[in-house]
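Fit the two chains together into the complex; they arrive one by one in their own frames, and the hints show the way.
If you read the protein sequences in the order shown, they are chains Y and P. Take the first sequence: its position 112, counted from the start at 1, is 112 in the numbering used here, and no numbers get skipped. Whatever position you read off the second sequence (first residue = 1), add 232 for the numbering used here.
In short, the hints are calculated from the structure, not lab data. A few of these clues could be false.
[As the list claims (entries may be wrong)] Below 30 Å or equal to it, Euclidean Cα-Cα: the simulated DSSO-like pairs (lysine-lysine) are:
| # | chain 1 | residue 1 | chain 2 | residue 2 |
| --- | --- | --- | --- | --- |
| 1 | P | K244 | Y | K91 |
| 2 | Y | K44 | Y | K228 |
| 3 | Y | K66 | P | K288 |
| 4 | P | K288 | Y | K91 |
| 5 | Y | K42 | P | K288 |
| 6 | P | K250 | Y | K85 |
| 7 | Y | K202 | Y | K228 |
| 8 | P | K288 | Y | K217 |
| 9 | Y | K83 | P | K250 |
| 10 | Y | K85 | Y | K120 |
| 11 | P | K288 | Y | K85 |
| 12 | Y | K42 | P | K244 |
| 13 | P | K250 | Y | K143 |
| 14 | Y | K42 | Y | K157 |
| 15 | Y | K85 | Y | K42 |
| 16 | P | K250 | Y | K66 |
| 17 | Y | K83 | P | K288 |
| 18 | Y | K69 | P | K250 |
| 19 | Y | K83 | Y | K134 |
| 20 | Y | K69 | P | K244 |
| 21 | P | K244 | P | K288 |
| 22 | Y | K202 | Y | K91 |
| 23 | Y | K231 | P | K244 |
| 24 | Y | K69 | Y | K202 |
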Amino acid sequence: MYAIPNDEIIILNKKTINKRTFIHLLFYLCKKNRMRIRDIDKEKLVIENAIDQIVQDGFQGFSMNKLAKACNISVATLYIYYKDKDDLILKIGGTIALDFFTNTVKDFSPEMSFEEGLWKQWENRSLFALKNPKEVAFFEIIKHSPYGEAILNSSTKFSDFRTSMHQFIENALRNNELVPMTFEVFWAIAYGPLYTLLNFHKEGKSMGGKPFILTNKMIREAFQAAIKALKP
Amino acid sequence: METNLNTIHIFKTDIGEKNPDCPMHITLDNHSDIQQWSIDYEDVDCVLRVVSEVLKPNEIIGIVNEFGYQCQELP
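Isolated chain P (complex conformation) (with noise of 0.2 Å):
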């Protein structure tokens, strides 16, 4: 089934380290209400995309600010 693209929220972040042991990592893939994530390692940016129906940008800029990275919302 198709993605509902008002579900996908894209964030630029400073999480520059793949590593699919730290605790976000392992929050995010455990995480009831994400379908869905991923981060573009390989960008300035950084892009964290969230696949969630139910949690706001906020909540989740609230999640990755918890493990001490920085996260804005990208317009």
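Isolated chain Y (complex conformation) (with noise of 0.2 Å):
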């Protein structure tokens, strides 16, 4: 139980209180009795900082210190959400690989059409870059680092996805929609065309520093051009 002064509890009780001033009152009373609760914006501010840092600096320049002094906040309080490093990354990593999967397989279905499951891929893989471009800088990074690995493995949402893609690739060469390939080749194909568009619009600038904006009009001749090649 915690020690509220009398007026307050007036106010409470008479209802004049709003959210605000109990947030701010609660904050209160969990700094005088050293309690600590759970501030989903201090995180926010955490996981916003720590992808810049790493964006920028890669994981070599990156530090707990560095971050919580980016953000004003206690050393302490980020080990309280963290146990180090390798944690921070791992968890923001995995947030963001969710994240990522969830907005890829919204409204698709590996027993789509291939060409119409492919478009949808598109979609949702262009739209998630747009709106997230520093979340996927910061994934490219840990992609293909030791990181990567354990985040693919942390989770079965992560191979269901994954299970989910084979099938699709599966069910488009049974139906013969699709011609059979290396699979790095299906996919350098299938989404190359795709991520050298949205790093070209992310750069602003094209092949000779050629200023470049990407439009709905580009990714549907891009793909037009890339199911023709796949497709027997």
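Rendered as structure tokens:
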């Protein structure tokens, strides 16, 4: 039980206290009693700054101390949420991966026709990349590091995603909607064009520094070319 | 289940060496009041993180000091 000063009880009883005041009061009491409560805003700030720092300086330049400073919080607070640097990278990477996979399979089914399913993937993947450029840059960095493997093996949700993608390809092959080819070659043709265009867009320029803005028409154009290469 | 944040204790130490066979390691591993513990060896402060519903920061400091290491609660 917390000792709430009398005047504040009166305010509470008359129901004149608003939500903001209540939260301030709660924080005040927790601080006074050395109680810790989960602060979602603070957690969000930590995640944002960690992504920024890792995208900018890579893993080597990143430290818990630097991150705490950037967030204007104590190092101890950071360690409340994360055991160490690896734990932090794995947790943030896992959240982003889950967000990415959830968005990628939105309204998608491996039972869709190959063209329809692949287009849905293109739509979902481009929407996610355009909405979350920093998260995508962060995931690109960790994808090929030991963290990437650890994250993908950390949840059955990720293996479900892989299974669904494999099922989609197998169905397309069985239905004669896809030319049999090496998996990596398939991936490069199926998604490579989209990611190249998304990268140009992120940079704001294409070959030779030519200014570039990606349009839906271009995505369609590239998709048609990719489908032409993949279909028998 | 999510860990109650008030059961997590954070300390600055000088435990620089990672050695699972050292007596302190074994003591912390086998302590019935410690649910979880870890040290960030990469950090300059070799931050020790202990999850315990029972132990107070001073008691944890005492355990670590017994093995000849410095230990100070981080604010």
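Do the hints match the structure? See the list:
1. Proposed proximity of K244(P) and K91(Y) is supported: the alpha carbons are some 23 Å apart, at most 30 Å.
2. For a cut-off of 30 Å, the pair hint linking K44(Y) to K228(Y) is broken: about 43 Å separates their Cα positions.
3. In summary, the hint linking K66(Y) to K288(P) is supported, as the alpha carbons are separated by about 28 Å, within the 30 Å threshold.
4. With a C-alpha separation of about 28 Å, the suggested pair K288(P) and K91(Y) falls inside the 30 Å cut-off, and the hint holds.
5. Simply put, K42(Y) and K288(P) have alpha-carbon atoms about 26 Å apart, close enough for the 30 Å limit, and the pair holds.
6. Using a Cα cut-off of 30 Å, the hinted pair K250(P) and K85(Y) holds, with the two alpha carbons roughly 16 Å apart.
7. Taking the CA atoms of K202(Y) and K228(Y), the gap is about 26 Å. The hint holds against a cut of 30 Å.
8. For the proposed pair K288(P) and K217(Y), the alpha carbon gap of about 63 Å is over 30 Å, so the pair is violated.
9. For the hint linking K83(Y) to K250(P), the alpha-carbon distance of about 15 Å falls within 30 Å, and the restraint holds.
10. Between K85(Y) and K120(Y), the direct Cα distance comes to roughly 36 Å. Violation of the 30 Å bound is thereby established for this hinted pair.
11. For the proposed pair K288(P) and K85(Y), the alpha carbon gap of about 25 Å is at most 30 Å, so the pair holds.
12. Our distance criterion of 30 Å between C-alpha atoms is met by K42(Y) and K244(P), whose separation comes to about 22 Å.
13. Simply put, K250(P) and K143(Y) have alpha-carbon atoms about 28 Å apart, close enough for the 30 Å limit, and the pair holds.
14. A distance of roughly 27 Å separates the Cα atoms of K42(Y) and K157(Y); the hinted pair therefore holds under the 30 Å criterion.
15. Between K85(Y) and K42(Y), the direct Cα distance comes to roughly 17 Å. Compliance with the 30 Å bound is thereby established for this hinted pair.
16. For the suggested pair K250(P) and K66(Y), the alpha carbons sit about 23 Å apart, so the restraint of at most 30 Å is met.
17. Distance restraint check for K83(Y) and K288(P): the Cα-Cα separation of roughly 19 Å lies within the 30 Å cut-off, and the hinted pair is therefore satisfied.
18. Taken as a hint, the K69(Y) and K250(P) pair is honoured in the structure, with Cα atoms around 26 Å apart against an allowance of 30 Å.
19. For the proposed pair K83(Y) and K134(Y), the alpha carbon gap of about 24 Å is at most 30 Å, so the pair holds.
20. With a C-alpha separation of about 17 Å, the suggested pair K69(Y) and K244(P) falls inside the 30 Å cut-off, and the hint holds.
21. As the CA atoms of K244(P) and K288(P) are separated by approximately 16 Å, the hinted pair is consistent with the 30 Å bound.
22. Of the pairs offered as hints, the one joining K202(Y) and K91(Y) holds, with about 26 Å between alpha carbons and a cut-off of 30 Å not exceeded.
23. Of the supplied pair hints, the one linking K231(Y) and K244(P) is violated, its CA atoms being roughly 61 Å apart against a limit of 30 Å.
24. Restraint check: the Cα-Cα separation between K69(Y) and K202(Y) comes to about 29 Å, which is no more than 30 Å; the hinted pair holds.
Hints 2, 8, 10, 23 from the earlier list are contradicted by this structure; the remaining hints agree with it.
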